[in-house]
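So the sequences go chain by chain: A and B.
For the first sequence, this note's numbering assigns the number 90 to the initial residue and increments by one for each residue that follows.
For the second sequence, this note's numbering assigns the number 1493 to the initial residue and increments by one for each residue that follows.
Certain hints may be false.
So the derived label-pair ranges between C-beta atoms look like this [stated by the list, open to error]: (1) B:Ser1688 <-> A:Glu371: 27 to 35 Å; (2) B:Thr1518 <-> A:Glu498: 54 to 62 Å; (3) B:Lys1510 <-> A:Arg369: 22 to 30 Å; (4) A:Ala426 <-> B:Lys1510: 39 to 47 Å; (5) A:Gly324 <-> B:Asp1550: 51 to 59 Å.
Bear in mind the hints are in silico, worked out from the structure with no lab data behind them.
The beta carbon of each residue, even a glycine, is placed where N, CA and C say it ideally should be.
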Amino acid sequence: MTLRLPAIMRTTAARLSALYFILFALCAIVLVFYMTSLSASMLTAQTMETINEEVQGLDRAYRRGGLPFLVRVIEQRSRQPGANLYLIADANGRILTGNVESLEPGVLESEGWTDRPFMYQRYGEGSSERRQPNVSDIEAPATSIETRHAAIALISRLPNQMIVLVGRDLGEPERLQGVVKRALTFALGIMAFGGLLIWYFVGRRALKRIDSVSDAGKRIMGGDLTGRLPVTGAGDEFDRLSENLNTMLTRIAGLNEGLRQVSDNIAHDLKTPLTRLRNRAEAALAGDPGEAGYREALEATIAESDRLIKTFNAILMISRLEAGYSAEASVRIDLAAVVHDVVELYEPAAEEVGVTIEAPDAGGSFFIDGNRELIAQALSNIVDNAIKYSSSSSQAPAVKVSIIEKDGETSVRVADNGPGIPDQSDRERATERFVRLEQSRSQPGSGLGLSLAKAIMKFHGGRLELLPGEPGLTVMMTFPKRRSE
Amino acid sequence: MKILIIEDDREAADYLEKAFGEAGHTAHVARDGETGFALAESGEYDVMVVDRMLPRRDGLSVIAGLRSRGNTTPVLILSALGEVDDRVTGLRAGGDDYLTKPYAFSELLARVEVLNRRATSKEAETIYRTGDLELDRLSHTVKRCGKEITLQPREFRLLEYLMRHAGQVVTRTMLLENVWDYHFDPQTNVIDVHVSRLRGKIEKGFDSPILHTIRGAGYMLKAA
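If we strip away everything but chain B, and leave its shape as in the complex, we get (with noise of 0.2 Å):
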């Protein structure tokens, strides 16, 4: 994947530029505003990684810039600011997640590769499948080797986004903002809670793991 970091620290990008490589990733570092867009306008990442205050030109203006000239390129906003405006301000400009500094880099990595065009594809699917899983949207029915299992509406909808990014790992946060549509920082993990609930209903009975924990960052759903 070829990531676009807008940033101007040059510590920070630095870090974000070795830390994408060592993720197997390309990453380009622009440290103005000015920069970023004209390196963005040639389209060629696949998603952009931009700092909210940047020299010569503001990360909201270059996203709007882009969007203006129809460039679809999926943007994560970084933001030191973190208030709840801000975020809503910051999606409204045209960025498709925003982040809030100080984060965990394995936060930002789960979310640029979610973020990624060319993953994101499966919207228009109607019948999600990972390895013996099954997963109708329409119907609301999940199955394993052909066994129905039945889930609880939210649980459902937990899968459903997991098997959406299914081979991708996957936040607890980012669970939280898209599956109970929520962006505050629950003090326990109450996420592990209806994951391992979850993970018992479509683990117990079967022979191999299909959700797993990524330790340090969240999880994962993925046919062994």
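Just chain A, same shape as in the assembly (with noise of 0.2 Å):
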């Protein structure tokens, strides 16, 4: 148990019990003294007053009887029970009468209060050996001690230079001492027993879950991120933190999960383009194309080269977008000028696969807070799509692109009549990164133009949706709210 002293010790339930346990001694121990001070200086000074009215009473004796009147009235007082100490001694302090036998010597040189209690012996309660008048000694042995008493007196002296001293013993502020010392120590007992309640509690119960807590958490950082932590249905705060730190963690696994795609859909969407560009140099290296050959493979590795600093620049960009650059671009912009040049840089790209691209006037300028190039981007993306999707319908393929205001919010809608998404999941997983839908695998694409899309629209505040159009696809790119002007 020795041993394991100190390891207890680090436990912060026995840290918390023993703080508190000190701290509660502490305050209870001023507390009990400044009121045992209280009440025996309010005791004392009720024993003063009683020694006065008594010397009063004497004085008026004496005045009255002188002497011998005196004498006979402090003997009378004397015999009774509980009464007040009482001496009269010559003026070279021998005593002549009085109940005290004995007192400590150099009390009756003085004259007033005594300027602390001193020790005395009454007549018939001193052992016989110890009958000398002057007891010098305060820490006598113990066997007298319970015959000696502590007094406080007012000593006076008569005309004629005889003492008189009046005193009353201090028993009752002792009994009282004595009560608070029983009092403290029982009071100290029980909260040494509440400090190992507490500890017991807090310690053995509440502290053991943190333990299990840090242990859960132990075997998900050694790489189970399946891992969850303890939850015991008690709805405490361990309970939420524990549900806290495992929401938590399906976040995390959640973000490993996409990441580990990402990259896997890296790999493979990079992966497959530069094998592509390897191949024809190492082709046109191995044959013996001449001139003309020769150019034209390096041609098409340039092109090849091309399309993935495309596909690197949007994944840069749609990393950065996520990363949540400074607004320092975001400017007060018309919506409509952006979506009319959009629609025309299009327009003659649609043309010459048959779709029918058509933007009806807005009728005036909507404003919005944006960066005017990723807003283009992000509709050139989109528009991009639609016609490439909606060149494969059936009937006259036509992408619309409208601009709608609601509930203060300003969306630009882009519809287009293709055969659309029609699962509300693939509509879902259509703006994830590198995703392309089993349709969409045999058109030329990186798969990043909905997800940079999205990304843009995120970091404008906004948001991407991809509805069911009637046919085809409908995406609306929603902006929020403007600042306050």
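Please dock the two separately framed chains into a single complex, following the hints provided.
See below:
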């Protein structure tokens, strides 16, 4: 047990218990001492008042009947049970009468109140061998302590230089101290017991759960991301903590999974063109295609690398947008102008593949806060997709771009009449990085267009929604309400 | 053309020096900002290519320092940062063009050639002439062999840009930036369709091709 003590002291429970115990004990001690000293001084004040009255009475007796009457009164009073201390001594301090047999030397030399309690012995109480008048030692052997008492007294001198002492035993404050001491011991005992209880409940039970949480954490850090922290179902703080940490772990696992998927996709989507690039160069080297052939191979190589650079730029841009760069580039822009520009830019290309692209005049300007280039990029990706997929439409392929204002939010709506994405989960997946739905595998593209558009919308505090069209797909780019002017 | 390359990446700098040399230009390399600044101060370069992140002195500070001393040598900033507001800060610091790594050398070369200060004297001219093609910037008319050609406003601006840089390669992104005033990356080659439409209008019915496609790079307007 003694060997394990330091380890126990390292637990929060033991430290808390010890700390609480010490703190409460200190408070109790201070309080008790304050109370006792207050009561003791009150008792003393009371005692002194009694003595004062007594002295006044004796004074009256002396004036009425002189010394003999005074002596008589004193003797009479001395015999009463629980009497005060009375003493008459001659000018040299020799005791003449009273109920005091002996007292500390030097007490009678001063006049007025004794400045501190002194020890005395009453008549008939002391053991025979200790009858000498001067008890010099306060720290007397234990046997005589019972018969010696502490007292305070008022000492006055009669006109004939005789000394009169009236005092009172301090037994009451002493008893009080005894009571206090017992109470204090009891209280400290209770507190020590309470400390142990606290240690038991906090340490043995609550902190054990923290240990179990930290054990589970260790397992998870060890690589087991599927591990979760224990939840007891008590619904207390520990359960809430565990639940929150579990949610966090789920999120981390999700991000981790996403990252893994992205790197798989990157590996796949970049490896394919890189391999193609290499094969082409190799084939050109292996044969003897002549200058024109070499030129063609090199040009194809350059075109392929350009596509790779584009893909890289898109990946970089998405991660930068997701990291959320400074909104410094965000200014007031006219969405209608951007829509007009992008539609105008794409119109010839759409016509080339037989797609009509129309953008009914929005009728004025729609101002939003944003980055013109980024929004144009997002819109061009969406329009590009719409053209690409509606061109396979059975009916007259058409893409319609319009601006809608609703509930203070401004949206750009791009609707095509192509095959659309009938499945809800597919529509959700379509904006993920490198995700190319089965139907689109045959179409050229990096699989990053919509994820870049989504990242751009998120960056602007807006959202990108893919909705089922009738027929085809409708993409909504919704911007948040403008900040106040 | 004399080109100053301020780039700390040895491999990239050596590659640029060699590639510019093969393209018929003289290129000098400075490997840090201070050296680059000292070389640029001589004012003997036609174009500078400056990396943004440089040892000893940041690229933007080099440009700002040169500009404050009255040096107007065109600067193309190379940056690995490539965020949209980076581009804005770069151009604001006194850069004339901005290119993000990774880039294609053909793109860089085309941009540097267009930036060449000896060639960019056409700003003041009101009539551009390339061979038998004539463009009047004031009356917005285009004629070839004296025959007027009707162009859409965008086609006119496209041709105007091509003619200002006649004999030089202009890339698709340069066209998008200068004719449409956008710096994004269209997924499909939308610019090509615009160019081919323009080509149809200025070449159809005429003997010789004048708007050439430079494979792997872009376009060039050049009289036969």
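Results of checking the hints against the structure:
In this structure the supplied range 27 to 35 Å holds for serine 1688 of chain B paired with glutamate 371 of chain A, their Cβ-Cβ distance being about 33 Å. A beta carbon spacing of about 56 Å between threonine 1518 of chain B and glutamate 498 of chain A agrees with the range 54 to 62 Å that was offered as a hint. The given range of 22 to 30 Å is respected by lysine 1510 of chain B and arginine 369 of chain A, whose C-beta atoms sit roughly 24 Å from each other. As the Cβ distance of alanine 426 of chain A to lysine 1510 of chain B is approximately 44 Å, the hint placing it in 39 to 47 Å holds.
A hinted range of 51 to 59 Å holds for the C-beta pair glycine 324 of chain A and aspartate 1550 of chain B, which are about 57 Å apart.
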